[in-house]
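Chain by chain, the residues run as shown.
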Amino acid sequence: MTQADIAPSQVQGRPVQHLEKNYINHSSGIASWLLTLDHKRIGLMYLMGISLSFFLGGLFALGIRLELFAPGMQFMDAETYNKVFTLHGAVMVFLFIIPGIPAALGNVVLPLMLGAKDVAFPRLNLGSFYLWLSGAAFFIYTLFTEQLDTGWTFYTPYSSSYSNTAVISATFGVFMLGFSSIFTGLNFLVTIHKMRPPGMTWHKLPLFLWGMYGTAVMQLLATPVLGITLLLLVMETTLGIGIFDPKKGGDPVLYQHFFWFYSHPAVYIMILPAMAVISEIIATFSRKHIFGYKMIAYSSVSIALLSFLVWGHHMFVSSESTLATLIFSAITFTIAIPSAIKVFNWLATLYKGSVSMDTPMLYALEFIWLFTIGGLTGLFLGVLSTDVMLHDTYFVVAHFHYVMVGGTLFAFFAALHYWWPKMTGKMYSEAMGRAASVIAFLGFNLAFFPQFIMGSRGMPRRYADYKPEFELYHQLSTAGTLVLGVGIALIAYNLIRSIFSGAKAPANPWGSATIEWECPSPPPHHNFDHPPLATDPYDMERVEWDEEVKGYVPVVGRRAPVAH
Amino acid sequence: MIMRIEALLLAGLCFLGSAAPNFAQEAEAPAAEAPTEAAAPAAKKPIDVDKLIADFNAGQAAPRTFNADEREWIAGGLAPEEVELVYKGHAAIPSGDPNKVIYMRDGEIHEIVSHAKYSTPPVAQNLPPFATEVENGSFWLPVAASETAKSVDAMFNFIMWTSYIFTAIIGILMVVFCIKYRRRPGVRADQSITHNTPIEIIWSVLPTILVAIMFWGGYTTFLDMRTPPPDAMVVRANASQWAWNFVYDNGVESPGEFHVPANTPIEMMMTSADVLHSFHLPAFRQKSDILPNRYTSIWFDSGEPATYRVYCSEYCGQLHSDMYAKLVVDTPEDYEKWLVETGNWMVGEDGELLPPLEIGELTYTRRNCKACHSIDGTKGVAPTFAGLFGSERKFADGSTRVADADYIIQSIREPYSQLVEGYGEQMTVYSPMLPPEQIDGIIAYIKSLKDVPRVD
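Just so you know, the sequences run in chain order A and B. Just so we're aligned, residue 733 is where the first sequence starts under this note's numbering, counting upward by one. Just so we're aligned, residue 186 is where the second sequence starts under this note's numbering, counting upward by one.
Chain B extracted, bound-state conformation (with noise of 0.2 Å):
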C-alpha cells in the first residue's frame, strides 16, 4: 500500500511537466500487477456463442460475421448486438474479473483495475463506461437531451458569460491598480477618495438588475420542470441502498435499467425503501432526492432514441458510488418489444415457468441481494448465502434456529423479527414486493449454496 501511495505522489508530482494520460497509465501499472484474489463468478451455463449469433443475424438484414475478439467477448456474456458499442466504448468488454473493467477508447484497449483487497463488487457492472452524453457535450455541459434542459443551458451560458465578464472586469483592473499605485518613494496615496455616492448606486443597482433577471429566468423555467405535462407517462423508481427498480403502470419490473418511448413526456413517481436518495439525470437537466416517506416526482421529454446514465446524487452510504441506473429512449417498436420481454423473465423459451433455482439466480442479481449477500462465502454488509441452509443462526436476542424455508421467508418478509448476531438493520423489507415464485427462486438457489464454506 504504502509502495501504491508514492506511486502515486510521485506521478502527480510528475504531472506538473508531463501530460495527464502517460502517467495515468503509469499509476495503473503496479494495481494490473497486484494479484487478484477475485471471487470466481458464480458457476454459469456455457454460452452458445453460434446460437446467439445465429438469432442476432436471424433480425438483420445483412448478417454480420464476428471476428475471434468478437467471439470471445459474446462467450464472456456481451449480447451481440453490444458489439458494436465496445468500438464506441459505450459497453464494456467482459473482463471475468469483478475488479477490472475493459474498454474502448478510440480503437485502443483501456483498463480500469481496482485493487483486490478495495474493492466491492460493483452494483452496476453492466453500465458503459463512457456515457454518451457526457463525451458529446461541450467544455461545460452534457448534451441538452431536452427542450427544458435547452432553457436551463441558456440561462447557465447567461450566468456563465456574466461571471466571465464581471471576473475579468475585477481581475483587470485588480492587476491594474496594483501595478500603476504600486508604492514609490516620495508618492503617496490619493486620501480624498473615500466614497462616491453615484458609483456607490451605480454598482449596487446594476447587479440587482443583472440577479434580479437570473432569478426570475431561474423561476419560470423551474416551474416547467416541475410541472408534468397531464398526458405524461407515469414511470415508478423504487430507490434502496445501492440499487434502483422501475415499476410500469401494468405492473412490469425493471431492476437498474428503465426504457421509454421516444418524444414522451415521463413523470418519474419516486421513493425509497430506507434512506435518502437522489435521481440525477443529466442529460435532462433533471434531479430530485427521493424519501423514504413521501413520494417526489420529476418529469422529462424523452426525446429521439437514445441512451443515458441515471445517477444517484445524494451520499446513501457504503456503495454510494456504484448506485447507477440506465435509461434507454427506445423507439415505440422497440419499447413495446422491451416492456414484454421484461415483463416475462421468470418465463422461459417454451411459454413455461423457468425452474426455481434460475428464478432464484435471477432475482439475485435483479433485486440486488448481491449488494448485501455474497454467494462465496465472504462477510458483508448482510449474512452471506454461501452455507447458510440447515446451518444453525445465532440472533441478537441470544436464541438459535436452524435455517430452513421457513426461516428464510421469514427474514425476506420480515427481515427485523429476528436479527442475525453481529449485523444491523439494512435489509429491506420485501413482504408486500416479493412474489411466491420469487421467493421459492431464492429459497432454491440458497439451498444450492449449502456447501459452498463460509467465512462469517
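For reference, chain A alone in the conformation it holds in the complex (with noise of 0.2 Å):
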C-alpha cells in the first residue's frame, strides 16, 4: 500500500467523498484483474457476467414472446421454440438470479456493510468466480452444439433418454454454478459470523445481512443436493445406470424430489436477498427507522428453514400421496405468513416518513406491488383443490414471472441503482432512471398479467402453438414484453452512461445509516482506514443532509468516535 493509498479519513470534520486512488484505479492491467482477490472487483466481474447471461436470456424470452405472437408456427419450429424456452429458462435461473443479487452485490456490498476488508476467504472467493464463468462456459458450448430441449428442470426420463439435445454439457454447467453458489454461501456466512464490526450485535445487523444469511444458510445445505442429481443424470445417461429411467428401472418421480428438494429452496435464494434489499431501501428513502426489525429478521431465517420443507407443493399432481399432498399444503401456508409479515412491515415503515421516489425507492415500491401479486397468487397454488387445475398452466408461469421477474428482478434494480454510486463512484440521471422504472414496471404488468387469465382459462405452459381463444391474451403479453424491453434498455443505457459522463457520487448520496456510505464512493482497495464502530443501522438521524457535499454526513456529537 503506498502513501497515496492512505488519505485522511475526514477533510474540515467532514467525511472524504472521493478519493483519487479507489479500487478500481489502484492497480491496473487485465491481469489485476482477473487474479484480484477484492471483494469489489470480483463483484464487479460478475456484475457484467451476470448482465450478459441476463441479455442472453432476455434475448430467447423475446424469441419465446414473438413466437407466441399468433397461433400457428411463425418463425420457429416446435423444436427450435422447445430449445428457446429451455435455454431462456436454464440461462435466467442459473446464470442469472440465482447469483444475481448475492454474488454480484452481495460481493461488492456485504464486506463493506461489515466495515471489514474483505470475505472471509477472499480466494475462494474469486474460485467461485471462476466456478461461475466455468458452468457459463459449459452453457455457452451446449448453445453451439446441439442445444437443449428438456425445460430447465431436466424432467426425467425425457432428459435422460429421449431428449437428443446436450443435456450432459448443461447439467454439467449447473454443476458448476451449483459448487460457485455453495462456495459463496460459505464464504458469506462465516464472513458475518467472524468479521462483524465492534458494536454489531446480531439485532444491529442490517437487514440485507439477515437476508444474505438465510440466503447462505440455503445456499450451502441444498445446492449439494443438487450437484448430486444432476451427477445421478448424467450418470444415468451416459452410464445407462437406472435411476430416473423406469425402462432401466428407474423412477422419474425420485428425480423430481431430488430435483425440488433444491429447486424450492434456490426459490427463495432468488427472492430473500431481493426482500433483503428492499428492506434496506425502504427504510432509507423514508428517512426513518424499520419498523418491526426483529420480526423482518426473524421471518428471514424462518423462511430459510421452512423453504427445505415445501418441496413437494410442486408434486401435487406428479402422483404424489394424499397424505404427502396434505403436509405439503400445510407447510406451505406457513411459508406465506412470514412473506406477508415483511409486506405489512414495510408498509408501517412508510406510514409517518419523509418519503422521497429517487428511482431506487420507487423499484422498491414497484416491488412490493409485484410481490404482492405474486405472492397472493402463490396462495392458489398452495390450496390443493385450485392447484390441480392450475398446475402447469400459464397461471404458474406469470406467478413465478411475477415473484422472481417482479421480485428480484425489480429488487436487483433496486440494488444496482442504490449502490451504483457507491460500487462506480458516478450518479445516473434520475430522471431518466424513474423513466426507465416506470415503463419497466408498466410493460411487465401488461406481459405477465394477461398470463394469469389465460392460464386459469386452461393455457398449458411450455406451447409452441395454442387455440385462437388465447389469442388476445398472448397479443397483449407480446406487446408487454416489448415494452419491458425497451424500459430494460433504457436502464442500460442510463447507467453505463453515467460511468462516462455522470457527476461524482458523494460518499451517502440517499441518506441511510448502515456502514458501507461511511467510506468513500467509489470505496478505496482496503474499504476502510479504521474498523468502524455500528449502532443502530436503521438510526437515520445519525446523518444529514450536506448541501456542499450534495450528500448526506455524519451528525456531529451523535456518533460515538471511530474505535482505533
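Don't take each hint at face value.
Stated by the list, open to error - Ranges between beta-carbon positions, derived for each pair: (1) N757(A) <-> G609(B): 54 to 62 Å; (2) A397(B) <-> E1273(A): 40 to 48 Å; (3) L784(A) <-> I350(B): 36 to 44 Å; (4) L784(A) <-> E622(B): 54 to 62 Å; (5) T970(A) <-> K236(B): 57 to 65 Å; (6) L784(A) <-> G609(B): 27 to 35 Å; (7) T970(A) <-> G607(B): 16 to 24 Å; (8) I350(B) <-> E1273(A): 31 to 39 Å; (9) I384(B) <-> L1265(A): 28 to 36 Å; (10) G528(B) <-> T970(A): 40 to 48 Å; (11) D1271(A) <-> A397(B): 36 to 44 Å; (12) A397(B) <-> L856(A): 42 to 50 Å.
By construction, these hints were calculated from the structure, which means they are not laboratory data. The beta-carbon is built from N, C-alpha and C at its ideal position, and this holds for glycine as well.
Take the two lone chains, each set in its own frame, and fit them into one complex as the hints suggest.
See the structure below:
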C-alpha cells in the first residue's frame, strides 16, 4: 500500500467523499482484475457476467414472445421453440437470478456493510467466480452444439433417455454453477459470523445481511443435493444406470423429489436477497427506522428454514400420495405468513416517514406491488383443489414471473441503482432512471397479467402453438414484453452513460445509516482506514443532508468516535 | 424471416395505440402470402358428397339442404353433421393444407397460417379451433362442468376476493403513505414508530386464519377429486409421444378421442409408454401427471352431453403443444352407438374385414405413426415410410438388412433390436398391443409407398 492510498478519513470535519486512488484504479492491467482477491472487483466481474447472461436470456424471452404472437408457427419450428424456452429458463435461473443479488451485488456490499476489508476467504471468492465462469462456458458450449430442449427442470425420463440435445454439457454447467453458489454461501456465512465490527450484535445487523445470511444457509445446505441429482442424471445418460428412467428400472418421480428439494429453496435463494434489499431501501428513502426489525429479521431465517420442507408442493399432481400432499400444502401456508409480515412491515415503515421517490425507492415500491400479486397468486397454487387445475398452466408461469421478475429482478434493479454510486462513484440521471423504472413496471404488468387469465382458463405452459381463443392474451403479453424490453434498454443506457458522463457521487447520496456509506465513493482498495463502530443501522437521524457535498454526512456529536 | 420479425416488432409497437384484432390480421398477412410447400396429402378416395348428405338426411326428421360452400366442406372431408358446428367455431373448415386452419367466428372466416418451413403436421388437426368451455366461461375460468368443478371454483373465488382485498389495501396504503408523507423541507420522519406488538400480532394472526380456511377447504375438495365413487366407469388412457389412446373395459380402443355416457362418474386410469405426460381437463378442473412406470387415476362426473378438450400439460418433447384429445359426453344411446362403431373400425359396410391396405392406412393415423414417420419422403423423428419397402437399411451397429415384411414386423414389435443409423430410441414398443390385422395393414401400406422418393 503506498502512501497515496491512505487518505485522511476526515476533511474539515466531514468524511472524505472521493479518493483519487480507489479500488477501480489503484492497480491496472488485465491480470490485476482476473487475479484480484478484492471482493469489489470480483463483484464487478460477476455483475458484467450476469448482465451478459441476462441479455442472452432476454433475447430468448423475446423469441418466445414473438413466436407466440399469433397461433400457428411463425418463425420457429416446435423443436426450436422448445430449445428457446428451455434456454430462456436455464440461463435466467442458473446464470442470472440465483447469482444475481448475492454474488454480484452482495460481493461488493456485504464486506462494506460489515466495515470489513474483504470477505473471510478472498481466494475462495475468486474461485467461485471462476466456477461460475466455467459453468457459463458449459452453457455457451451447449448453445453451439445441440442446445437443450428439456425445460430448465431436466425432468426425467425425457432428459435422460429421449432428448437428442446436449443434456450432459448443460447439466455439467449447472453442476459447476452449483459449486460456485455453495462457495459464495459458505464465504458469506463465515464472514457474517466472524467479521462483524465492534458494536454489531446480531440485533444490530442490517436487514440486508440477515437476508444474505438466510440465503447463505440455503445455498450451503440445498445446492449439494442438486449437484448429486445432476450427477446421477449424467450417469444414467452415459452409463445406463437405472435411477430415474423406468425402462432401466428407475423412477422418474424420484428425480422430481431430488430436484425440488434443491429448487424450492432455490426459489428463496432468489427472493430472500431481494426482500433484504427492499428492507434497506424502504427505510433509507423514508428516512425512518425500519418497522418491526426483529420480525423482518426472524422472518428471513424462518423462510430459509421452512423452504426446505415444502418441495412437495411442486408435485401435487405427480402421483404424490394424499397424505404427502396434505403435509406439503399445510407447510406451504406457514411460509406465506413470514412473507406477508414483511410486506406489512414495509408499509408501516412508510407511515409517518419522509418519503422521497428516488429511482431505487420507485423500484422498491413497484416491488411491493408486484411481489404482493406474486405472493397472493401463490395461494391459488398452495391450495390443493385449485392447484390441480392451475398446475402447469400459464397461471404458474405468470405467478413465478411476478415473483422472480417482478420480485427479484425489480429488487435487483433497485439494488443496482441504490449501490451504483458506491460501486462506480458516479450518479446516473435520476429523471431517466425514474422513467425507465415506470416503463419497465408498466411493460411487466402488461406482459404477465394476461398470463394469469389465460392460465386459469386452461392454457398449458411450454406450448409452441395454441388455439385461437388464447390469442388476445398472448398478443397483450407480447406487447408488454416489448415495452419491458424498452424499459430495460433504457436502464442499461442510463447506467452505462453515467460511467462516462455522470456526476461524481458523494459518499452517502441517499442518507442511509448503514456502514458501507461511510467510506468514500468508490471505496478505496482496503475499504476503511479504521474499523468503524456499528450502532443501530436504522438510526437515520445520525446522518443529515449537507448541501456542500450534495450528500449526507454524520451529525456531529451524535455518533460515537471511531474506535482505534 | 427477418422481414417477419420486423413485421411482428412493428405490430407489437403499434399495439399500444391500436386495437388487437386489426394488427393481428396485419401480422398474419405476410404468412398468408408465403409460399406453401405443403406436402400433398396422401391420395384419398374421392368423397361422394351426395351419398353422405343422403345418409345424413336419412337420420333426420326434416332433411337439411346444403349450400355450395357446405358441399365443398363435405367434399373436403367434413362430416355433414359437423356443418352446423362450423358456424359456431367448433369445427374447422377443411383447408386441404396441413399448415392452414380455417375457422369461422361470428360469421367471418379466419385463418391460422403456419409458415410451411416451421410447421410440423399437427397431430390433432381435426380438433375444433375453439373450446366451448373456454369460450363460454367467465373472465377467469372456463365453464364448470361438474359439481366438483363448482366447489373448486368456489375456493378459487374465495382466494381471488381475498387477493383483491389485500392487493387493494396494500396498494392504496402504499400510494396514500407515499403522497401524504412525501419528503418536505423541515418535516422530519417520526422516529418513534419502530414496532407495535398488538398490530404485529393482528397482521400475523389474521392471515394465518385466512390461509387455514383455504388450506382446509382445498384439502377436503381435493380428497373428493382424488376418490372415485365405487361405481365409476373406468376408461384407460395410454399416453405416448404425442398421442392419446383410450381403452374401454370391453377392449375397444379409440385414439385421440373418447366418448362417455352423460351423468356418469368416469374414472381415468392412465399410464404412459415413454416420457411424462399430463391429462389436463380444464372444464372438470382435473389434472394428473401420467407416468411411464405406474398408473395414476382421476375421476369426474360427466354431466350433460357436450364436447371438451383434453390437453397434455406436462412437457413431453417436440410436439407437446399438439397433444390434444377430444372428450365427448354423449347420451347413453349415442354412446352405445359410438362404442359399437369404434370397436368395429376394421370392418367395412359389408360386415367383412377391410382390405389390409385400408386397415394399414387407418392404423397409420389412428396409432399416430404419422407423428414421426412421414409418407412423403421427408425426414422426421423416425425414418420415413416412403420408399422403405425393399430398400437396404443400415443400422447403428454397422450391419445392413433389406426391409422386407419380417423386418417391419420386428421393427414394430421390438423396435430397439436393430436401430437404424442416425435415429434414437423413440418408438413405442407395440409387441403386446398391435393385433396381426393391423401389422399386416401397416406392411401393406408401407409396400404401397414403395415408389415414393425419399429424402433421408
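Hints, verified against the model:
Distance hint check: the CB atoms of N757(A) and G609(B) are about 55 Å apart, consistent with the given range 54 to 62 Å. Hint check: A397(B) to E1273(A), Cβ distance near 41 Å, so the stated range 40 to 48 Å holds. Checked against the hint of 36 to 44 Å, the pair L784(A) and I350(B) passes, with Cβ atoms roughly 42 Å apart. Separation of L784(A) from E622(B) is about 60 Å and conforms to the stated range, judged on CB atoms against 54 to 62 Å.
Look at T970(A) against K236(B): about 60 Å separates their beta carbons, and that is inside 57 to 65 Å. Here the CB-CB span from L784(A) to G609(B) is close to 33 Å, well matched to the stated 27 to 35 Å. Restraint check, T970(A) to G607(B): a C-beta distance of roughly 20 Å satisfies the suggested window 16 to 24 Å. The hinted window of 31 to 39 Å between I350(B) and E1273(A) holds, with their beta carbons roughly 36 Å apart.
At about 33 Å, the beta-carbon gap between I384(B) and L1265(A) stays in the expected band of 28 to 36 Å. G528(B) and T970(A) have their C-beta atoms about 46 Å apart, which keeps the hinted 40 to 48 Å range intact. Under the hint 36 to 44 Å, the C-beta atoms of D1271(A) and A397(B), about 38 Å apart, fit the expected range. In this structure the hint that A397(B) and L856(A) lie 42 to 50 Å apart at CB holds, the actual value being about 44 Å.
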